[in-house]
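K.L.:
Protein chains in written order, with my numbering: chain A, 1 to 261; chain B, 1 to 303; chain C, 1 to 306.
Source of the hints: derived by calculation from the structure; they are not laboratory data. All clues given are correct.
What follows is a set of in silico ranges between Cβ atoms, one per label pair, in the way DEER data are often shown: (1) A39/C to F30/A: 53 to 63 Å; (2) P185/C to T245/A: 43 to 53 Å; (3) A39/C to Y18/A: 30 to 40 Å; (4) T25/C to E140/A: 43 to 53 Å; (5) Q263/B to Y204/C: 45 to 55 Å; (6) T245/A to T25/C: 49 to 59 Å; (7) G268/C to A120/B: 36 to 46 Å; (8) L94/B to K133/A: 49 to 59 Å; (9) H208/A to P185/C: 25 to 35 Å; (10) R294/B to Q211/A: 39 to 49 Å.
It should be emphasised that the depicted structure is a prediction, and the values quoted were computed from it without experimental measurement. All C-beta atoms, glycine included, are put in the ideal place defined by N, C-alpha and C.
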Amino acid sequence: MVDSEKGSFTLEKVSVTYGKEMAVTDVSLFIPARQVMALIGPSGCGKTTLLRCLNRMNDELGNVTVGGKIILDGVDINSPAVDPVALRTQVGQVFQKPNPFPMSIYDNITFGPRTLGIRKKGELDAIVEDTLKRAALWKEVHKNLKKHAFELSGGQQQRLCIARALATSPECLLMDEPCSALDPISTQLIEDTMEKLKNAVTIVIVTHSMQQASRVSDNTAFMLRESMEEPARLIEVSETEKLFTVPSDPRTEAYITGRFG
Amino acid sequence: MSQAASVRTLAKAAPQGLVVNPRIKHAHYFETAARIITGGALVAVISVIVFVLGYILYRGIGSLSWEFISTPPQARMTEGGILPALIGTLWLVLLTAVFALPVGIATGIYLSEFAKGRIARFIRVAIANMAGVPSVIYGLFGFAAFSIALGFSKSLLAMGLTLTCVTLPVIITATEEALKQLPKELRLASLALGATRWRTTWRIVVPTAAPGIITGSILGLSRAAGETAPILFTGVAFFAPTAQSLMQPSMALPYHLYIMATQPVRPAPHIVWGTALVLVGMLSIINAGIALWRSRKRKKLKW
Amino acid sequence: MKSAHHRLDISRMGFSRTADVVARTIISVVAWVAIVILAGIAAFLIQNSLKALQELGLWHMVAGSDWFPTSANASFGFLPAEVGSIWVTAIALMLCVPFGILAAIYLSEFANSRVKEVGKTIIEFMAAVPSVVFGLIGMTLLVPLIARIFDLSSGLTGFTAGLCVGIVCLPTIISISEDAMHAVPDELRQGALALGNNRWQMAYKVIVPAASSGIFAAVMLGLGRAIGETMVVLMVAGNAGIIPTSPFLAARTMTATIAQETGEVVRGGLHFSVLFVMGLVLFTITFLINLVADSVLERQRRRWRR
Numbered sequence: 001m002v003d004s005e006k007g008s009f010t011l012e013k014v015s016v017t018y019g020k021e022m023a024v025t026d027v028s029l030f031i032p033a034r035q036v037m038a039l040i041g042p043s044g045c046g047k048t049t050l051l052r053c054l055n056r057m058n059d060e061l062g063n064v065t066v067g068g069k070i071i072l073d074g075v076d077i078n079s080p081a082v083d084p085v086a087l088r089t090q091v092g093q094v095f096q097k098p099n100p101f102p103m104s105i106y107d108n109i110t111f112g113p114r115t116l117g118i119r120k121k122g123e124l125d126a127i128v129e130d131t132l133k134r135a136a137l138w139k140e141v142h143k144n145l146k147k148h149a150f151e152l153s154g155g156q157q158q159r160l161c162i163a164r165a166l167a168t169s170p171e172c173l174l175m176d177e178p179c180s181a182l183d184p185i186s187t188q189l190i191e192d193t194m195e196k197l198k199n200a201v202t203i204v205i206v207t208h209s210m211q212q213a214s215r216v217s218d219n220t221a222f223m224l225r226e227s228m229e230e231p232a233r234l235i236e237v238s239e240t241e242k243l244f245t246v247p248s249d250p251r252t253e254a255y256i257t258g259r260f261g
Numbered sequence: 001m002s003q004a005a006s007v008r009t010l011a012k013a014a015p016q017g018l019v020v021n022p023r024i025k026h027a028h029y030f031e032t033a034a035r036i037i038t039g040g041a042l043v044a045v046i047s048v049i050v051f052v053l054g055y056i057l058y059r060g061i062g063s064l065s066w067e068f069i070s071t072p073p074q075a076r077m078t079e080g081g082i083l084p085a086l087i088g089t090l091w092l093v094l095l096t097a098v099f100a101l102p103v104g105i106a107t108g109i110y111l112s113e114f115a116k117g118r119i120a121r122f123i124r125v126a127i128a129n130m131a132g133v134p135s136v137i138y139g140l141f142g143f144a145a146f147s148i149a150l151g152f153s154k155s156l157l158a159m160g161l162t163l164t165c166v167t168l169p170v171i172i173t174a175t176e177e178a179l180k181q182l183p184k185e186l187r188l189a190s191l192a193l194g195a196t197r198w199r200t201t202w203r204i205v206v207p208t209a210a211p212g213i214i215t216g217s218i219l220g221l222s223r224a225a226g227e228t229a230p231i232l233f234t235g236v237a238f239f240a241p242t243a244q245s246l247m248q249p250s251m252a253l254p255y256h257l258y259i260m261a262t263q264p265v266r267p268a269p270h271i272v273w274g275t276a277l278v279l280v281g282m283l284s285i286i287n288a289g290i291a292l293w294r295s296r297k298r299k300k301l302k303w
Numbered sequence: 001m002k003s004a005h006h007r008l009d010i011s012r013m014g015f016s017r018t019a020d021v022v023a024r025t026i027i028s029v030v031a032w033v034a035i036v037i038l039a040g041i042a043a044f045l046i047q048n049s050l051k052a053l054q055e056l057g058l059w060h061m062v063a064g065s066d067w068f069p070t071s072a073n074a075s076f077g078f079l080p081a082e083v084g085s086i087w088v089t090a091i092a093l094m095l096c097v098p099f100g101i102l103a104a105i106y107l108s109e110f111a112n113s114r115v116k117e118v119g120k121t122i123i124e125f126m127a128a129v130p131s132v133v134f135g136l137i138g139m140t141l142l143v144p145l146i147a148r149i150f151d152l153s154s155g156l157t158g159f160t161a162g163l164c165v166g167i168v169c170l171p172t173i174i175s176i177s178e179d180a181m182h183a184v185p186d187e188l189r190q191g192a193l194a195l196g197n198n199r200w201q202m203a204y205k206v207i208v209p210a211a212s213s214g215i216f217a218a219v220m221l222g223l224g225r226a227i228g229e230t231m232v233v234l235m236v237a238g239n240a241g242i243i244p245t246s247p248f249l250a251a252r253t254m255t256a257t258i259a260q261e262t263g264e265v266v267r268g269g270l271h272f273s274v275l276f277v278m279g280l281v282l283f284t285i286t287f288l289i290n291l292v293a294d295s296v297l298e299r300q301r302r303r304w305r306r
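Please take these sequences and the hints and turn them into a complete structure.
P.N.:
The following block contains the structure:
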């Protein structure tokens, strides 16, 4: 039995300020559970900044303040009662460049569960197998889980990072241009993985590529920073199909038809 | 105007190929001269050190024997070996490691991973300054603080603590540098999995930087092995049997070398050069080993 | 199934949170050790200096020209040691500054990566050779050589010591000025080469000026190292407690004086205290030198960071 609301984000008038400079303002957005939401827009439009609000990674960068409300499963994640460290076990992240830890495949994946206090070998083994299968890497590596992660190819490393993020059984996975450093075949594999994953987790993906957004996402949000003096805003959000065929805002249309960005 | 002129010269010279301004030709001579002069300076510096090592090997090799390493001095220091000095130096390095490694590595971790702003700057200035304090001043400090104020008198312990002060800045800097070389993404990956900052540091960052931290620390400790001035007043002995406790004075290789070399009467050159060879040989092996290990690591690790 | 609220409960992370706070607190306290030690050095030097400062006065010592600490009518003038230190340091710098900077330019701008790696490793090793070893080589080879060349009765002179100290300081100067040149962004190199400069013109017109503050800091740190060098001077400078009017006379530096006499004097006596005053003077000088070098280096670091 699945609770249909679990893993959904509601953003209300979210703004992000670096020091004194406002980077993103007035973003109100509903991210439905167990679907793929794509954030698109020209570079420097605050997509990644907004993404990092969802697992409070901005806290780690220092000098960043987030305004407005971000509600995950009915809880405001910026309220003092929420521990960002605990939050991140529920909202995983995959980075632009594959960043496995310099240790074995097995140890990479079990790092998260061990953080949660899972120590039993059997339990850890099960997690490793399960997550590697979900990340479509099991077939390639199951014979040698002690292999050093650096010996994997770039695409394999990125799938390992996905498996690693899944190992804490998060409700949501944030992906920050996960394929930008990969070849087309690896990209294909990761997109297939996302397709399967969304039955279980909400995925928010930042991408440069409109094609990728249109291939993998159910909904798309378009962000834009109209001038250097202004912070970035959310221009339009709708079902992906609709956004790419009948955008309601002329600026969205300009972007997807390639007139800027 | 001048542009038109230069176009004309180019055009004129075109059949013979590119115009070569005589000043450029001149500059080529300077280039060669500069390479020779700067390269010569480097060669000179390197030959000094190679010569020093070679000469010590040449003079010392004859004195080297198992007996030299394994027996104490005899016949009023004119015969016999250097065992108590060798053991003393090993004790000093061990003591320094015990005190300086935890403190130095912790400080390096703090500076690289946690410290921000003014406090970090303040601590860094202090460390840079510590590194520049003359070693004889550490000797005075160690004498006043450890031997007299803390009552450790002239002992291995007082010497070890003094050498700890000398070595700390090296270990701190090495640790900080090793940690700083790691990419930020490594830390972010761990934090994004819900690890605390400390878990990230202790389980991911420090193990990854461990080779750099270890090699830097060993280099720092190997300096402690060669220091003389800091132990002059804190417990080094002209002659003493191998110390039985940390509260006893002890011999040490560099001081033994100094005292034997400056002995005006009844000199024993074979002991001097043998001691020098043992000291330098020990440090050479450590350094060469680390250099090899590092260059191999560098080829293997890529970010 | 667990409720959403339960999942974001902070108490679940309680243990690792506590570990985080405890560990961070411990290392942030430990990190003060450098400051504690520096303050401790200053405090102990001052404490032991008080007796001499009160009885003789600082100026009397710093500007006094006679050093007869053990005679019946003892006098404690630092000038012989100060002049000795100045000779040794000056000669050391005349040797190691030009050689060090030129070698650093070659390493940073001309050498290929292989020569660079080997060169830097050797220089690093040179820094690890104990100064007693350089003192020994100086005593054995340089002292007779200097005596013969300059026709002196003894080669144990400030000049000889200066040469040896210069060699000891070389690695400091080379590695710090090489670092400074290495830190100059490659765009500047390409810019200079694209304008038709050859590598030498690029080095002296662009790189050396751009790295000048770092090179200056290297010289300052070399200076600090030279003033503070003890064992070499003790072994080859000749150890005469009179004002050396020429570098070709036997000399004795402040460091050598402290090293020679501290172990032999009566603890807590006037002579003992005077030696701590000398230490305090030396500490203050090197502290100021290091402070200048560090602030110059910090400014350079900030400049290239962006």
